[in-house]
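Chemist: The task is simple: from the sequences and hints, build the whole structure.
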Amino acid sequence: DALKKMGADPKKANPLLPVDLVIDHSVQVDKFGSPDAVDFNALMEFQRNRERYAFLRWGQQAFRNFRVVPPDTGIVHQINLEYLASVVFPKRDGEAAAYPDTLVGTDSHTTMINGLGVLGWGVGGIEAEACMLGQPISMLLPPVVGFKLYGELPEGATATDLVLTVTELLRKKGVVGKFVEYYGPGLASLTLADRATIANMGPEYGATAGFFPVDELTLEYLRLTGRSEEQVALVEAYCKEQGLFRTTESPEPVFSETVELDLGTVRPSLAGPKRPQDRIDLPEMKKAFLSLVQGEPKRAEVELDGRKETIQDAAVVIAAITSCTNTSNPSVMLGAGLVAKKAVERGLTVKPWVKTSLAPGSKVVTDYLRQSGLLAALEQLKFHVVGYGCTTCIGNSGPLPEPVAKAVSETGLIAASVLSGNRNFEGRVNPLTRANYLASPPLVVAYAIAGRVDIDLVNEPLGKDKDGNDVYLKDIWPTAEELRAVIAESVRPEMFREAYGRVFEGSEQWR
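The opening position of the sequence shown corresponds to residue 588 in our numbering, with each subsequent residue numbered one higher.
Treat the hints with care, since some could be wrong.
[As the list claims (entries may be wrong)] With a cut-off of at most 27 Å between alpha-carbon atoms, the simulated DSS-like pairs for lysine-lysine come out as follows:
1) 618 / 938
2) 993 / 873
3) 895 / 938
4) 929 / 885
5) 938 / 1051
6) 969 / 895
7) 885 / 1051
8) 969 / 1061
9) 929 / 993
10) 760 / 861
11) 861 / 827
12) 678 / 598
13) 1051 / 874
I should point out that these hints are in silico values taken from the structure, not numbers from a laboratory. Just so it is clear, the structure is predicted and the values come from calculations on it, not from any experiment.
Modeler: Below is the structure:
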């Protein structure tokens, strides 16, 4: 309108660079534990954001070089990883010219794309707008810290355990304002999704970027996620020609400084209760929580589903499988499904005071969970899909059930959340959860069953089976072999092609 009033061509008001807007920060967990939760929460989201979404829908149709991924489609970083990122662009200003994909995003976890070999990081809104108008970003060349990985993750350890270990190490090292580049023989044992998990938490360990070079596993992932063979061939040819392709024969790069980690030393872990770098070995979790409690434990009686229950300090009131940090990784998502399946088979259930939620970062996750038959097991434990967006990870956990909220508020007991997110600062997850722990999706399921965090899950039983026998975490934990088999059977390129073939369409409400 302003250009038109000035007598200029309104069509000139377009971004000079390709811009993608993904709407993922507004869905809240209002309803949970039921099959219709996802539809109800989506409806509430549209009611709360009707004016905003009408404006964004107009923008989707009004501008060129600007795409909008509608609400309830997924999380920006996972959609970027699975679909939007090119790794190598084939054209510039309409001319055939291959050049590396780079990215700035208005969210700190933009760093996730470094796992795919695309250099990117988070910037402020004004910086992003300047880029859209063709202005460069200026910066001092940062020191580059080399992080050497060797060995393999041991049986029972997950990518989440690895990233919490990396975060602990790099926070002690001090990498603020620096790039981190991962190298070494250990890269060969990490899937692309594992790398993306590590890259995602760059802000938590303080780095501007946590970069993984392009290699054969990158090409495999591009094929798995339905990218065209022409694009994969371009990425391979360009990166090899430019010396950007990692092989086992590649010389070690020269870094400003280095850090090392033997992957074989990674142990099942959580982090909390207030900072992502405060890693806790799983067997130490009980002792770590009890150190927070002063005096006699606080208790409260609540009535849930017609039954009286007693909750006390350490009660898990939120168990959330959330955040692109982990929902982008089939090994931990299907791992959570296998834990749920084995738990259901043994007759275990989730404690009634736990608010459970499953918020995948893309609809592909639901597809492969359903294909594997594991979605039904998660739903039996009340981990129904509640939405496709950031939810609990950014504080959109929604209200606790009224009896639980009232009990926590009136008694001041230390309620806990366990989530597969990337941040757990006090007050972020929910105002009523004073202790918040980051954990892998399988551990989120386990703690929902336990209903408390003051438990040693290695040596104490989760509960009893149908015959009254103790059931331990080790009894329902999947083996690496089981995981590999279910991933091979369930995760297919056509799932990605189908889901992303209509990624810009949105729901009927959006249209």
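Chemist: Now tell me if each hint is right for this structure.
Modeler: Hint check:
1. This hinted pair checks out: residue 618 and residue 938 have alpha carbons roughly 17 Å apart, not beyond 27 Å.
2. Straight-line distance between C-alpha atoms of residue 993 and residue 873 comes to about 25 Å, which keeps the hinted pair within the 27 Å bound.
3. Using a Cα cut-off of 27 Å, the hinted pair residue 895 and residue 938 holds, with the two alpha carbons roughly 12 Å apart.
4. With a C-alpha separation of about 33 Å, the suggested pair residue 929 and residue 885 falls outside the 27 Å cut-off, and the hint is violated.
5. With a CA separation close to 13 Å, the supplied pair residue 938 and residue 1051 stays within the 27 Å bound.
6. In summary, the hint linking residue 969 to residue 895 is supported, as the alpha carbons are separated by about 20 Å, within the 27 Å threshold.
7. For the given pair, residue 885 sits about 26 Å from residue 1051 by alpha-carbon distance, which is consistent with the 27 Å threshold.
8. Distance restraint check for residue 969 and residue 1061: the Cα-Cα separation of roughly 22 Å lies within the 27 Å cut-off, and the hinted pair is therefore satisfied.
9. For a cut-off of 27 Å, the pair hint linking residue 929 to residue 993 is broken: about 34 Å separates their Cα positions.
10. The straight-line distance between the Cα atoms of residue 760 and residue 861 is roughly 20 Å, inside the 27 Å bound, and the hint therefore holds.
11. At most 27 Å may separate the alpha-carbon atoms for a hinted pair to count; residue 861 and residue 827 exceed this at roughly 43 Å.
12. Restraint check: the Cα-Cα separation between residue 678 and residue 598 comes to about 22 Å, which is no more than 27 Å; the hinted pair holds.
13. Under the criterion of a C-alpha separation no larger than 27 Å, the hint pairing residue 1051 with residue 874 is consistent with the structure, at around 23 Å.
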